[in-house]
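Student: Position one of the sequence shown corresponds to residue 1 (this note's numbering), numbered consecutively onward.
Some hints here could point you the wrong way.
With beta-carbon atoms standing in for the labels, derived distance ranges [what the hints assert, rightly or not]: (1) Val41 / Lys73: 36 to 46 Å; (2) Phe17 / Met79: 19 to 29 Å; (3) Ile104 / His131: 20 to 30 Å; (4) Ile104 / Asn52: 17 to 27 Å; (5) Tyr51 / Glu14: 10 to 20 Å.
Think of the hints as simulated: they come from the structure by calculation, not from any bench.
All C-beta atoms in this analysis are idealised placements derived from N, C-alpha and C, irrespective of residue type, glycine included.
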Amino acid sequence: MPLPTAPEEAIIYENDFLYVCLAPFPVTSGSTVVVWRGGVVDLHNLNQKEYNYLMEIVDVTRDALQRVCYVEKVYLIYMDEAREVHWHLVPRYNEEGFNVFKHIPLETRDFSLAPLFREAFLDILGTRVVHIPS
Numbered sequence: 001m002p003l004p005t006a007p008e009e010a011i012i013y014e015n016d017f018l019y020v021c022l023a024p025f026p027v028t029s030g031s032t033v034v035v036w037r038g039g040v041v042d043l044h045n046l047n048q049k050e051y052n053y054l055m056e057i058v059d060v061t062r063d064a065l066q067r068v069c070y071v072e073k074v075y076l077i078y079m080d081e082a083r084e085v086h087w088h089l090v091p092r093y094n095e096e097g098f099n100v101f102k103h104i105p106l107e108t109r110d111f112s113l114a115p116l117f118r119e120a121f122l123d124i125l126g127t128r129v130v131h132i133p134s
C-alpha cells in the first residue's frame, strides 16, 4: 500500500532525497512523517551515507517537534509495511507508553502548525553539520 500523498501545505522540508511533512493521518497533533524518495523498500537498502543523512534529518525533525509542540518526548517509529522507507514521529503529550498508539488516526486538512514547524526545523538544521549524500 503506497503512502498517502502529502498536501503541499503539510510539507516542512524537501529535497531530492527525502521530504518531511505533517502526517495527513495524525496519531496526535504534530505527527510527522520523514519519507525517503526513490522507492526504496527497506531501510537496509540505503547505503551508509544515505542512512546517516536520513537519521540526521529525523533527529532535526524530532528536535523541531519538541520545540513547537512543547513536549519532552517524540516517539520514532519505523514500519516497513508500506514498502517505502519512512519514519513516523509522534509527539507524546500527557500519555506514557503505548497508550498514544490506541488513538485512531483520522484524516486532517489542518496543517496550521506547518509554518512554525518549518521555521523551527530550518533554524535547527542551520546549526547542524548535515552530510547530504552525493
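Student: Give a verdict on every hint.
Tutor: Hints, one by one, checked against the model:
| no. | hint | verdict |
| --- | --- | --- |
| 1 | Val41 / Lys73: 36 to 46 Å | violated, 29 Å |
| 2 | Phe17 / Met79: 19 to 29 Å | holds, 20 Å |
| 3 | Ile104 / His131: 20 to 30 Å | violated, 38 Å |
| 4 | Ile104 / Asn52: 17 to 27 Å | violated, 35 Å |
| 5 | Tyr51 / Glu14: 10 to 20 Å | holds, 19 Å |
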